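Per this note's numbering, the very first residue in the sequence shown carries number 1; after that it's consecutive.
Mixed in with the good hints there might be a few duds.
Said to hold, decoys possible - With a straight-line cut-off of 30 Å between C-alpha atoms, the simulated BS3-like cross-links for lysine-lysine are: (1) Lys5 with Lys78; (2) Lys131 with Lys5; (3) Lys139 with Lys7; (4) Lys17 with Lys139; (5) Lys108 with Lys131; (6) Lys39 with Lys5.
What the hints assert, rightly or not - Label-pair distances were calculated between CB atoms; the ranges are: (7) Leu106 with Leu20: 22 to 32 Å; (8) Asn140 with His47: 40 to 50 Å; (9) Asp75 with Leu106: 18 to 28 Å; (10) Leu137 with Gly51: 32 to 42 Å; (11) Asn140 with Pro49: 41 to 51 Å; (12) Asn89 with Thr112: 20 to 30 Å; (13) Glu123 with Asn89: 15 to 25 Å; (14) Leu126 with Gln77: 29 to 39 Å; (15) Leu137 with Lys95: 34 to 44 Å; (16) Asp75 with Pro49: 34 to 44 Å.
Keep in mind the hints are simulated off the structure, nothing from the lab. On a predicted model such as this, the values are computed, not experimentally measured, just so you know. Heads up, the beta-carbon is just placed ideally off N, CA and C, and yes, glycines get one too.
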Amino acid sequence: MNEHKEKILSVCNEICKDTLMETLDITYIDVGENFLLAKMPVTPKVHQPDGVLHGGASVALAESVGSAASYIFLDGQKFFVRGIEIAANHVRSIKEGFVYAKASILHKGRTTQLWEIKITDEEDRLISNCKLTTIALPKN
Numbered sequence: 001m002n003e004h005k006e007k008i009l010s011v012c013n014e015i016c017k018d019t020l021m022e023t024l025d026i027t028y029i030d031v032g033e034n035f036l037l038a039k040m041p042v043t044p045k046v047h048q049p050d051g052v053l054h055g056g057a058s059v060a061l062a063e064s065v066g067s068a069a070s071y072i073f074l075d076g077q078k079f080f081v082r083g084i085e086i087a088a089n090h091v092r093s094i095k096e097g098f099v100y101a102k103a104s105i106l107h108k109g110r111t112t113q114l115w116e117i118k119i120t121d122e123e124d125r126l127i128s129n130c131k132l133t134t135i136a137l138p139k140n
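Given the sequences, and given the hints that come with them, work out the whole structure.
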């Protein structure tokens with residue numbers, strides 16, 4: 001499993017080159033049977049004007065990890081995965097350090113999937129709770 005896990009994480013991180021994920025310094029760091037985990041540094045680059053993490057950066061992180069999880073768990077060779085709806089509740093501010101986004105599947109349908117993405121700080125305190133709906137469209 002470890003070798004398989006490392007390959008999945010390597011692919012996820014490789015395909016982020018020259019994308020928003022690279023701009024935000026998002027790194028995929030763990031994967032399991034039903035989850036994908038990523039981290040993002042909280043620096044002025046992702047701050048809103050008053051010096052705390054911008055909600056839009058949190059939502060971009062959530063959609064990135066949820067969509068990547070769909071790609072992994074739905075055979076991205078056969079499907080295009082697209083986010084079709086995202087909702088976020090921001091419950092705590094953070095000024096520096098790292099945030100971690102863990103995408104877990106709530107519903108895995110043939111066409112649509114529902115993901116919960118919890119964004120936490122380094123002390124495992126909830127920063128944002130997000131729900132993402134993705135759609136899997138056949139490539140052929």
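Comparing the hints with the structure gives:
1. Lys5 with Lys78: holds, 20 Å
2. Lys131 with Lys5: With Cα atoms ~24 Å apart, Lys131 and Lys5 stay inside 30 Å; holds.
3. Lys139 with Lys7: holds, 23 Å
4. Lys17 with Lys139: holds, 23 Å
5. Lys108 with Lys131: Distance ~13 Å between Lys108 and Lys131 Cα, so the pair holds.
6. Lys39 with Lys5: Since the Cα atoms of Lys39 and Lys5 sit roughly 16 Å apart, the hinted pair holds (cutoff 30 Å).
7. Leu106 with Leu20: 22 to 32 Å: holds, 24 Å
8. Asn140 with His47: 40 to 50 Å: 43 Å Cβ-Cβ, so the 40 to 50 Å window holds.
9. Asp75 with Leu106: 18 to 28 Å: holds, 19 Å
10. Leu137 with Gly51: 32 to 42 Å: holds, 40 Å
11. Asn140 with Pro49: 41 to 51 Å: With Cβ atoms ~47 Å apart, the hint holds.
12. Asn89 with Thr112: 20 to 30 Å: Once the Cβ atoms are compared, 21 Å apart, the range 20 to 30 Å for Thr112 and Asn89 holds.
13. Glu123 with Asn89: 15 to 25 Å: holds, 19 Å
14. Leu126 with Gln77: 29 to 39 Å: The hinted range 29 to 39 Å holds for Leu126 and Gln77, with Cβ atoms some 34 Å apart.
15. Leu137 with Lys95: 34 to 44 Å: Taking Cβ atoms as reference, Leu137 and Lys95 lie about 39 Å apart, which means the hint holds.
16. Asp75 with Pro49: 34 to 44 Å: For Pro49 against Asp75, whose Cβ atoms are near 42 Å apart, the range 34 to 44 Å holds.
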